[in-house]
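*Asks:* So you can see what is in the structure, the chains are spelled out below.
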Amino acid sequence: MAVHESFLEYRGFRFLKAAGALVALSILLYVLYTPIGPHNGGTWLGYGLGTVGLVLIGWLTYLGVRKRQYDLGPVKLKAWVSAHVYLGLSLLVVGTLHTGFQFGWNVHTLAYALMVVVIASGIYGVYAYVRYPTLMTANRGGQTLDTMMRAVAELDRQCRDLAMGLGDEVARVVLDSQQNTVIGGNAWALLSGKVRGCPTGRAVTRVEELAKGTADATADRLAALLSLLRRKAGLLRRIRKDLQYRALMEVWLFVHVPLSVALLAALLVHVFAVFFYW
Amino acid sequence: MKILVRYVTRRPRGNTVNRDELVEATELGIGRGAGNALHLSDIRIQYNHAVIHPAGPGHATIQALGDADLAVNGKPVRTAEVSPGDEIDVGPYRLRLLEPGEGHEVGVSAELVAPQSDDEERVRACARTSFAREMPGRRPIAWALVSAVLVLFLALPLYSFLAERPTVTSDAGLDPARMEAMHQRIAFDTVWTSGAISGPHRFTAENCTACHQDAFVMVRDSSCTACHQDIGHHADPAVAALVGGLAETRCATCHKEHEGPQAAVQDDQRSCTTCHANLKAEHPKTGLQDVWAFDPGKHPQFRPSVVTDGATGKVERLEVGGQVPLVERSNLVFPHSRHLKAEGIRGPDGTVKMQCSDCHTPSGGLFQPVSMEKNCQSCHAIKFDPASPARTVPHVAAEKALEVVRDHFNSIVLSGNYDDVTAPAVVRRRPGTEMKPEERAQALQWAAVKTGEAIDRLAGKSGCGGCHVVTKAGEGATATLAVAKLHVTDRWMPKGIFDHPSHDTMSCDSCHAAKTSQVATDVLLPGVQTCTACHGPQEAAAKVPSTCVTCHVFHQPGLPAMRPGPDGKTAAHPAPALAPTPASASR
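From first to last, the protein sequence lines are chains A and B. Just so you know, we're using this note's numbering here: the first sequence kicks off at 1 and counts up by one. Just so you know, we're using this note's numbering here: the second sequence kicks off at 1 and counts up by one.
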C-alpha cells in the first residue's frame, strides 16, 4: 500500500471499480429491458433498481455514521470513506434509471431531488477535502491560526507603543484598528472571507496619507507604524482566508447531513405511498 | 502656585503605591504628551487632553481640550468646578482633587482604573472563528426537514385518504356535477401521484380514492367497471374462467394509468402474446392459432369466415391459400372481371369504364352494402317484354315480380292497341272496342304464351338469372321462379379491424384481385403476406410498426360485459357457465 494513498485511491480504486460495475450493469439492463409501456419505477427493473437504490442509501447513511467513529483506525476509516464516495456517486445513475426519467411535482420526485442534492453536496465535499487542505497549508505559511492571532496581538501592542508619541489622529486610527478589527464573524463573513471597511485597512490608508505630508523625525516613526499596520493587515488577510477554507470545508455538511436525513424520510414516504396507492 | 501631582498605582493585592511630584505652575496640563505636568501615558488619552485651573485652596476648575472625553462624578462635562471628593474620569484614569496640605494648595491624584486588557486575550475574545457555531445545528435542521416531509407528504395525504372515502362505487355512472365536485376538492394525497393521469380520467385526478379504494390493495377491476359497465369481455366468460392467464389479468395489466395525458391503453404486442404465443400448448382444445408478432411466420394466415353451403348458409373459417379451396357459396352470380374491363363495358348511354368506387361506397372503415337499386339497376333494368322496353319488374320477391308480368299482358288483352304485327288482331284492336267471346279466348291464349316467354326470359341470364341462382318450376304462364337466398358476407374477418380510408394511397387491386375474378365464388381477400409486405411487428424499423390492437380489439363487442365478482376481480367472473354470478344474472 502506498504511503500517501488517499481515500479516492484506496486499494487500487477498489470501490470505484465496484461502483463502476454497478453503474454499467444498471445501464446495460436498462437498455436491454423493454418494459410494456414506458420505463418507470413500477416495472420489474424499476422495482429492482429501486430496491438496490434503497439499500444503498440506507447503507451509505450508515457509513456516514460509521466513518465518523474515528476509533476505527485510519485504514478502516479510509475504506469507509472510499466506499461512501464511490457508491454514493453510483447512486446517481441507479436512482435516475429507477425513475425512468419520469419526474413530477410529487413525493417521488422529492425523494429523487433530495438524493441529487445530497450527492451534489457530497461531490463538493470530496472536492473540498481534496483541494482546500493544500491551499490552507500554503496560506498559513507554517503558522497556525493560534500563532497568527498571537502575532496580531503583538502587532497591536507595538502599534500602540509607536502611536503614543504621535498625534491624536494617529492614536485614534491605531486604537480603532486595535479595538474594532473583527476576526471571523457570522457564517457569511466566514464563508466570504471578506470584511467590509476593516479598521486596520482604514488605518493603513490614513497613516499612509499622514506620512506623505510629514518630513521631520515624525516621518520615521510614521513609516515604522505603517510597516506594522501593513503586517497586521497581511496577517488578517491570511487569517480570514484560513477561516474561509475551514468554513468551505464545513458548509457542505450542513446540506449533506440534514438532507440525508430528510431523504431517508422522503424515501420511506415514497415507498409507503407506492404501495399504499398500489 | 504649588500643585501636588500624585500617581497612584494599585498593586494586585489591593494596596496602593503613590509617587508624588510637586509642580510650581498656574495651571496643570493633563495629557499623553511629555509637556503635560500630569502626564498620563496611555494611547486612550489625547496628547493634550484637559487642563486644571486652581481656584484657591482645595478648589479648581477642570476643562476638557478639543474633543477629549471628560466626566465628573459620572457626568460628561466640558468644564466643571471640582473640589476634593469629586471623581474625575479622564479616559481610563480616575482623578481626584486632594485636600490642601503642607507645601501645596491644590493636589491631584491619578489612578489608572481601566488598564489595557491583555492584547492576546482581547484578540481571541472578539474573534468568531467557528463556522459550526455560527450556523444553526445540523440536527435541528434535519429534524425540521424530516418533520416537514412527514407532515406534508405523509400525515396530510393520509388525512385526505381517511376523510374522502371512495366516491365512485355505485354503477350509477357519473354526472357532471359530481365530476366537477371531485375536481374541486383539495386533495393532499395527490402528492403521492406517480405521474399525470390520462386525459379521459383527468377529472378524477384530484380524487385518488376513486380508483385506489383500499390501502395497500392494487386497484380493483370493480373501480373500473363502476363507470365502464358495458365493456365487453375478451372471451366467452365460461371459457375465460378456464384460461388461467386471462382469469388473473387485471384491467390495470393493460390499462396503465399515471403514464401521461395519452389514453391509458396499452398497445404493446407482448400484452397479448403473453397468452396468445403459446395458447395451443396451454389449451389444446382452442380453435385459435398461436401468434407471436405481425411478421411472416409469426402471425397465422388469414382465415375468413365464408359461406360454404349456399343452401343452408353455413359459415366456416377457411384459410387463404389453404388446402380447402377458398370458395364462398353466396348464391350470387357476379363476374367482377367483366365489369372492370379496361376497355369498358356497354352501358345504357354508351361505353362505361367502371371503377370500384362506382359500386363500393366508403362507410366508416368499411363500405355500404351494394344494392340492386343503387348500384345495378341503372344498367341492369329487368325487362321482360321486348315490345314494351320501358316496362321492368321491380327487384322484389319472384312471385310478386311474376304478378307484374301477368298483369302486364292481361292488361294489354283488356286494352288492346298492342303495337306488334305478330300479335293477333284482337290484341291490336282499336282501344274501347268490345271483344267477342272467341276473340277473348284468343287474346288470353296469346297473353299466356307471352307470359310464359317472359318468365323464361326472367329465369335466364338477361333476367334474374343474371345475378341469382334461379330455379323454374312448371311451364308457361303458370310457371314459378325460385331465387336462391343470397348470403353476401358483410365482413369476412369480423375479428379484425381494417380501416380502408387510411390505405387510400394504395389502389384497390393492390390487395383485391377483382379485375381477374370471373366468378362470385371468389373471396377477394389478400393473404397476410400482402399486409406484412408493408406492416411489421411493433419493433419494426423498415416497415409500419403494427401491434395486435392495430387490427384487433381486446374487448369483444358481441360478448357479455366484464363484471367484477365480489372480490373486485373481473376476468375470473362470471365463473363456470353453470353457476352464473349475481352480477351476470342481474344483467
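Keep in mind the hints are simulated off the structure, nothing from the lab. These figures come from a predicted structure and were not determined experimentally. A portion of the hints provided could be inaccurate.
[To be verified] Simulated restraints, written as ranges between beta carbons of each label pair:
#1 B/Pro57 - A/Ser227: 20 to 26 Å
#2 A/Val55 - B/Val265: 34 to 40 Å
#3 A/Arg14 - B/Arg202: 21 to 27 Å
#4 B/Asn18 - A/Arg230: 51 to 57 Å
#5 A/Ala120 - B/Val265: 51 to 57 Å
#6 A/Ala219 - B/Asn18: 35 to 41 Å
#7 A/Ala120 - B/Ala196: 26 to 32 Å
Glycine included, every Cβ here is placed at the ideal spot set by N, Cα and C.
*Asks:* Tell me, in ascending order, the numbers of any earlier hints that this structure violates.
*Replies:* 1, 3, 4, 5
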